[in-house]
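Each protein sequence line maps, in turn, to chains A and B.
Per my numbering, residue 1 is the first one in the first sequence, and the count goes up by one each step.
Per my numbering, residue 1001 is the first one in the second sequence, and the count goes up by one each step.
Some hints could be false.
Examples of chain B residues toward chain A, derived with CB under 10 Å [stated by the list, open to error]:
(1) Asn1079
(2) Pro1081
(3) Gly1091
(4) Gly1097
(5) Lys1171
Here are the simulated lysine-lysine pairs, DSSO-like style, with alpha carbons at most 30 Å apart [what the hints assert, rightly or not]:
(6) A:Lys218 x B:Lys1109
(7) B:Lys1109 x A:Lys175
(8) B:Lys1049 x A:Lys175
(9) A:Lys175 x B:Lys1107
(10) B:Lys1096 x A:Lys218
(11) A:Lys218 x A:Lys13
(12) A:Lys175 x B:Lys1020
Hints listed in this document are in silico derivations from the structure and should not be mistaken for laboratory results.
Since the model is a prediction, treat every value here as computed from it, not as a measurement.
Even for Gly, the Cβ is constructed at its ideal location relative to N, Cα and C.
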Amino acid sequence: MEVNIFQYDFIVKGLLGAIFASITAGLAGTYIVSKRMVFLSGGITHASFGGIGIGYFIGINPVIGAAVFGIMSALGVEYLSVKQKIREDSAIGILWAFGMAIGIIFIYLTPGYTPNLMSYLFGSILTVTNADIISLGVMSVILIFYFGIFYRTILYISFDEVFARTYSSYVDIFKYITTSLIALTIVLNIRMAGVVLVISLLTIPPNIAMIFTRIYFKIVLGSILAGFVGTATGYAISYFAGIPVGATIIFTLVILYVVAKGTNHLIMKVSNFRNRSVNDIN
Amino acid sequence: MHSLSAAYGTNIVLQDIEFKVSENDFIGVIGPNGGGKTTLLKVILGLLKPVKGRMIFNSELLNGNSIGYLPQMSTGDVNYPVTVTDIVLSGLMIQKGIISRMSSSDKKKAELVIDELGLTALAGATLNELSGGQMQRVFLGRAIIGDPKLLLLDEPGNFVDTTFENDFYEKLRELNNRMAILMVSHDVGTISSHIKSFACVNRSLHYHPSHEITNEDLLAYGCPIQLVTHGDVPHTVLKHHI
Chain A
1 MEVNIFQYDF
11 IVKGLLGAIF
21 ASITAGLAGT
31 YIVSKRMVFL
41 SGGITHASFG
51 GIGIGYFIGI
61 NPVIGAAVFG
71 IMSALGVEYL
81 SVKQKIREDS
91 AIGILWAFGM
101 AIGIIFIYLT
111 PGYTPNLMSY
121 LFGSILTVTN
131 ADIISLGVMS
141 VILIFYFGIF
151 YRTILYISFD
161 EVFARTYSSY
171 VDIFKYITTS
181 LIALTIVLNI
191 RMAGVVLVIS
201 LLTIPPNIAM
211 IFTRIYFKIV
221 LGSILAGFVG
231 TATGYAISYF
241 AGIPVGATII
251 FTLVILYVVA
261 KGTNHLIMKV
271 SNFRNRSVND
281 IN
Chain B
1001 MHSLSAAYGT
1011 NIVLQDIEFK
1021 VSENDFIGVI
1031 GPNGGGKTTL
1041 LKVILGLLKP
1051 VKGRMIFNSE
1061 LLNGNSIGYL
1071 PQMSTGDVNY
1081 PVTVTDIVLS
1091 GLMIQKGIIS
1101 RMSSSDKKKA
1111 ELVIDELGLT
1121 ALAGATLNEL
1131 SGGQMQRVFL
1141 GRAIIGDPKL
1151 LLLDEPGNFV
1161 DTTFENDFYE
1171 KLRELNNRMA
1181 ILMVSHDVGT
1191 ISSHIKSFAC
1201 VNRSLHYHPS
1211 HEITNEDLLA
1221 YGCPIQLVTH
1231 GDVPHTVLKH
1241 HI
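Please build the complete structure, drawing on both the sequences and the hints.
Structure (structure tokens):
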């Protein structure tokens, strides 16, 4: 098969996108899954759609609008739940729908060309730009350094915040920084998987890894690997079948999860069987 | 502590407390619910700033480095993917900055503590694989790995399984040779044989340096209570507050 320049561009972009998406989603995803922040992250994702709408309306890059909205809503929910002024899940539920409403309103108010809504909701390879890939790459580096340098600090604060407060005064600062980075990661991955589906890109890979290991560091590595297989395969299917990439990525990841679960189940059965036969002999 | 007061908002919980912890003391903190026992712990831990007064330990100002803390209940998520070794190591965080690498001597230390608490086989396990008593030992390990001068315990009797309870208090008695212990408990009856002195907290604090035998101490409870025991149980009755 002959590879033309367009296909070459797609392959490079797709591979780099898959690598960076899986690194960022693996690091951020392991954090939100371990800390049970999946619902909060879903809220951040949908709230940031409001930023996309406003970005279009005032004529700036929608990703910047989304980033501002994402970080502000993340910090807002953290702050409100610390102050305990409102139930956190209710706050998220309101934010979730409100962000979507703002987004739709401003996209429809934008005169002239209406952007392809589908590409933001479900992801699209064709609209992923070089700038998107580069910013995801930069985000990967930032996250690797952040989690690498502060690994134990972050791990212990998220495991037992109350105890962490007995030895440090920087618990809140770390929570706010980490949550902001998570929000940015989500926003940048919206270009990959779309607003509706990006949360699964963060949550499925760690859950695949957790079938095999309970050690945080290994879960991160496992989810990056699972995420890469899922995004790369999803990308290819999307390209050849012309289906929005978010859907194909998530579909692949769920299949991967089921296969992993089944494999693990089989391994357990076999090792149990072996143990039993050894015991019988004894 | 010198004439120390603590309050939530305008609600004064502890007032003008004078209190001295000496080396190798084993203090049982008793008092009614809402009397300020937990508040006392929070103040010592630095989670709550006293309205006035200060704390002195061994004629030095008390700082976090010299305190180990075992909370009433684990506030950590039992399903969190973190191993026993890592949890015990987190007790060293107090001596670390925000960039917290654990050296091999730190890991060696964790190994020793885990061994001392009989958890070696479980060093790589996560909390959801442990029993309640084992979990408690893990958190005790986290509290003592930094060789604190003062160990704070918040009502340990409440979440220990009974088979482990005796071992646990035996362990505390051993640790008491290395550090002072301050234990908040409702369960004074079963631990009094190890405790060397008592502090009764009910807004004010009354310190009883030893096992004194007088009529009743329970006035601090502010309501009529009597202890019911069968014979032959060793027990301690404290002097009236003056």
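Against the structure, the hints:
The restraint placing Asn1079 (chain B) at the interface with chain A holds, with a minimum CB-CB distance near 9 Å, inside the 10 Å limit. The beta carbon of Pro1081 (chain B) comes within 5 Å of a beta carbon in chain A, closer than 10 Å, and the hint placing it at the interface holds. Because the beta carbon of Gly1091 (chain B) sits about 9 Å from the nearest beta carbon in chain A, less than 10 Å, this interface hint is met. For Gly1097 (chain B), the interface hint holds, since its Cβ comes within 10 Å of a Cβ in chain A; the closest pair sits about 9 Å apart.
Interface hint at Lys1171 (chain B): violated, since its Cβ lies 20 Å from the closest Cβ of chain A, which is beyond the 10 Å cut-off. For the given pair, Lys218 (chain A) sits about 23 Å from Lys1109 (chain B) by alpha-carbon distance, which is consistent with the 30 Å threshold. Distance check on the hinted pair: Lys1109 (chain B) and Lys175 (chain A) sit about 29 Å apart at the alpha-carbon level, within 30 Å; holds. Straight-line distance between C-alpha atoms of Lys1049 (chain B) and Lys175 (chain A) comes to about 22 Å, which keeps the hinted pair within the 30 Å bound.
Under the criterion of a C-alpha separation no larger than 30 Å, the hint pairing Lys175 (chain A) with Lys1107 (chain B) is consistent with the structure, at around 26 Å. The suggested pairing of Lys1096 (chain B) with Lys218 (chain A) holds, with an alpha-carbon distance near 24 Å, which does not exceed 30 Å. At roughly 27 Å between alpha-carbon atoms, Lys218 (chain A) and Lys13 (chain A) fall within 30 Å of each other, so this suggested pair holds. At most 30 Å may separate the alpha-carbon atoms for a hinted pair to count; Lys175 (chain A) and Lys1020 (chain B) exceed this at roughly 36 Å.
Of the hints listed earlier, those the structure fails to meet are numbers 5 and 12, in rising order.
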